[in-house]
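Engineer: Each chain, written out:
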Amino acid sequence: MPTDPWLAHIVSKFESEILADWIQHQLAADTLRRDLMSEAELVEQSRAFLGLLREAVQKGNLADTTGPEWTPVREMLACVSRARAKQGFTASETATFVFSLKQPLFARLRGEVGTDVDALGDAVWRTTVLLDKLGLYTAESYQKGREEVIARQQQEMMELSTPVVKLWEGILALPLIGTLDSARTQIVMENLLERIVETGASIAIIDITGVPTVDTLVAQHLLKTVAAARLMGADCIISGIRPQIAQTIVHLGVELTNVITKATLADAFTVALERTGATIAPRSGHV
Amino acid sequence: MAVVKHETREIRSAEDIVLVRQAVRAWAIELGFRLVDQTKLVTAASELARNIVDYGGGGTVVIEALNDAERRGLRLRFEDHGPGIEDVDTALRDGYTTGGGLGLGLGGARRLVNEFEIVSAPGRGTRVTITRWR
Amino acid sequence: MFESGSSVERIPILKMGSYLLVTIQVDMHDRLATSLQDDLTARIVETRARGVLIDISSLEVVDSFIGRMLGNIAAMARVLDAETVVVGMRPAVAITLVELGLSLPGVRTALNVDKGMELLRGSVERVAKVNSRGRRQARDA
Ligand SMILES: Nc1ncnc2c1ncn2[C@@H]1O[C@H](COP(=O)(O)OP(=O)(O)OP(=O)(O)O)[C@@H](O)[C@H]1O
Ligand SMILES: [Mg+2]
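Residue numbers (our numbering), protein chains in the order written: chain H, 4 to 290; chain P, 6 to 139; chain B, 128 to 268.
Careful: at least some of the hints might be erroneous.
Claimed, not checked - For lysine to any residue, the following SDA-like pairs were computed, each having C-alpha atoms within a straight-line distance of at most 25 angstroms:
hint, chain 1, residue 1, chain 2, residue 2
1, P, 10, H, 64
2, H, 136, H, 48
3, H, 227, P, 100
4, H, 227, B, 158
5, P, 10, H, 28
6, H, 227, B, 187
7, B, 242, H, 274
8, H, 136, P, 100
9, H, 89, H, 142
10, B, 242, H, 48
11, B, 242, H, 171
Derived from the structure by calculation, the hints contain no laboratory data.
Let's have the full structure, built from the sequences with the hints guiding it.
Structural biologist: Here's what the structure looks like:
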C-alpha cells in the first residue's frame, strides 16, 4: 500500500494546528497525569512526535510501520513509553498518547477531503489502521519498560538483602550470606563503598563466612573493592574465608598478599578496633 | 540493532578532551547508565581522546546511542589520520608508552568497556571503537 | 567553564599553617593539571610546607593523566620533604581507577579533608613512624 496522499497533505499543511488540537485533547483527557508529567514536557513530546510522523508519512509505507522510514517514529515511541512506564503511568494512559491523535487528524481530513466520501473513507481507514499499529507498538514498549522497572526493584531488594552495618565508630561490616554471583557482588560492593563515604568509616570488614563458594570473578571483585576503598582512604579486612575458598583462591592464582584477612569476624573486629584506636587517639600514650 | 541518535565531535586540543568527557557523560546519563558505568565510559573516552591529541594529530569521535531488542548501549568511535600504530598488541600492553605516559590508556579503556576494537595502519591513522551496554 | 587558551587560569592553592590545601573543583584540562603540578612544587619550596592536601571530592572523573599528576605531585613533594594526602575520591571514580589499572602507589589517601589533616599531623609528628602503605595492586583484568 502506498503513502496516503491526504494524510501526508494534512500533516504537512496543518502541522501546527493539528499539534495544538492534539495537545488540547490530551490535556482534556481524563488519562492526563499532571502529577507525573509537566505540561511543557507533554507539549515537547507531542511536537517531536508529530514532526517524526510527518516525515514518515511523507516517505513511508503506511501499511508497514516496521520499515526503515518508520524507525525514528518507533524509537521515539519506545522512549516515551519506557519513560512513562518508569514514571508510573498505566498502560492505557500511555497508549492514549497515540490514540488521542486520531480525532485531530480525522477532523482535518474531513475538512480537506471534502465531499468525496470514498476518498475520505479511505483516508480515515488508513489513518486509523496506522495509529492502531503505533498504539500497539506503544503498549509493547510500555510492557518492556515495566519489566525494566521490575528488574530494578529486584536489584534494590538485593541491596537490601545485604545490609552494611556499623559495628563501631569508624568501623563497618558487610556480612555476606549466600551465593555470590558477579552481578550481585558488584552491586553489594558499590553499596559498601557508598556507605564508607556516608559514614566516614575508615575500616570495613567484609565477612564471607556465609558464602559457600567463590569463583574467580567474585574473588576479583572482592579484591578490586579492597583496592578502590584504599584509593578512597579506607581499609578493608576480609574475614571468614573457609578452607575451601582459600584453596580456590590460591588455585585460581588470585593474589591475596596485599589484603588483610582474618579467620573470623571477631578477629577482624579486634584488628579494626586496634587500628582505629591507633589513629583516633594517637596522643593517649598507648601507641 | 538500531542507531537511535548520533553526534560527531572534533578533537584537536586539551579543551576538546574536556568537551568530549562532558558530551559522553550527558549521553550516558540520558541513556540511563548507572553512575559507575557512566564514569567508566567517560574515563575510557578521555583516554582515547587524549591519544588522538597526543599522537593522532587530531581527529573525531562519533557518539552513537544504540538500541536493540533487549538492551541499550553507547558506542564511541575515535578516529584520526595520524601516524597509526605499528604494533597494536604492544601498544595495548599496560605500561607501554612512547610519549612518557603511564601506558595505561589503551589497555585501561579496553577494560572499562564491553566491546573494544582497534584498527590501525602505519601512515594511515587509527580507529578505536568502544561500546558499553546498559 | 574554562576559558580556552587562557594562561591566567589556575587552581588556587591555600596555605593553612604548615600545610597547603588544594581543592580541585573543575573538570581540568591537561594544561591546567600540569600547571597545578608546577605551582604546587613552587609553593612547597616557597612556604616550606610540611604537607599537601588535595581534595578531589568534586572530581567526577580521574583518568590516567590526572592520576599521573597526583602521583607526580606526591613524589615531588616527598623529595621536598612534604607529605601528600589525596582526599575525597568518589566511589565511582575509585572503582574506575582500579579497573583502569591505576593504584596510585606512593599516594596516601583519606576519606575527607578532616581525616586527611589528621593523617598529615600524625605523620609530621611521627615522621619516623610513617607507616608506608606501599601497596602494589593486582592489575589483572
Ligand atoms: N591515536 C594514536 N595514534 C598513534 N599512536 C597511538 C595512538 N594511540 C596510542 N598510540 C600509541 O600507543 C601507545 C600506548 O597508548 P596508551 O594510551 O596506552 O598509553 P600512553 O598514551 O602512552 O600513556 P597514558 O595513556 O597512560 O597516559 C602510545 O604511547 C602511542 O605510542
Ligand atoms: Mg594514552
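Engineer: So, for every hint listed, does it hold in this structure?
Structural biologist: Hints and how they fare:
1. With a C-alpha separation of about 23 angstroms, the suggested pairing of residue 10(P) with residue 64(H) holds against the 25 angstroms cut-off.
2. Between residue 136(H) and residue 48(H) the alpha-carbon distance is near 19 angstroms, which keeps this suggested pair within the 25 angstroms criterion.
3. Restraint check: the Cα-Cα separation between residue 227(H) and residue 100(P) comes to about 19 angstroms, which is no more than 25 angstroms; the hinted pair holds.
4. Straight-line distance between C-alpha atoms of residue 227(H) and residue 158(B) comes to about 31 angstroms, which puts the hinted pair past the 25 angstroms bound.
5. A distance of roughly 30 angstroms separates the Cα atoms of residue 10(P) and residue 28(H); the hinted pair therefore is violated under the 25 angstroms criterion.
6. Under the criterion of a C-alpha separation no larger than 25 angstroms, the hint pairing residue 227(H) with residue 187(B) is consistent with the structure, at around 19 angstroms.
7. Pair hint residue 242(B) plus residue 274(H) holds up; C-alpha atoms about 20 angstroms apart against a cutoff of 25 angstroms.
8. The straight-line distance between the Cα atoms of residue 136(H) and residue 100(P) is roughly 56 angstroms, outside the 25 angstroms bound, and the hint therefore fails.
9. Among the hinted pairs, residue 89(H) with residue 142(H) is consistent with the structure: their alpha-carbon atoms are about 14 angstroms apart, no more than 25 angstroms.
10. A C-alpha spacing of about 49 angstroms is found between residue 242(B) and residue 48(H), which places the hinted pair above 25 angstroms, so the restraint is violated.
11. With a C-alpha separation of about 17 angstroms, the suggested pair residue 242(B) and residue 171(H) falls inside the 25 angstroms cut-off, and the hint holds.
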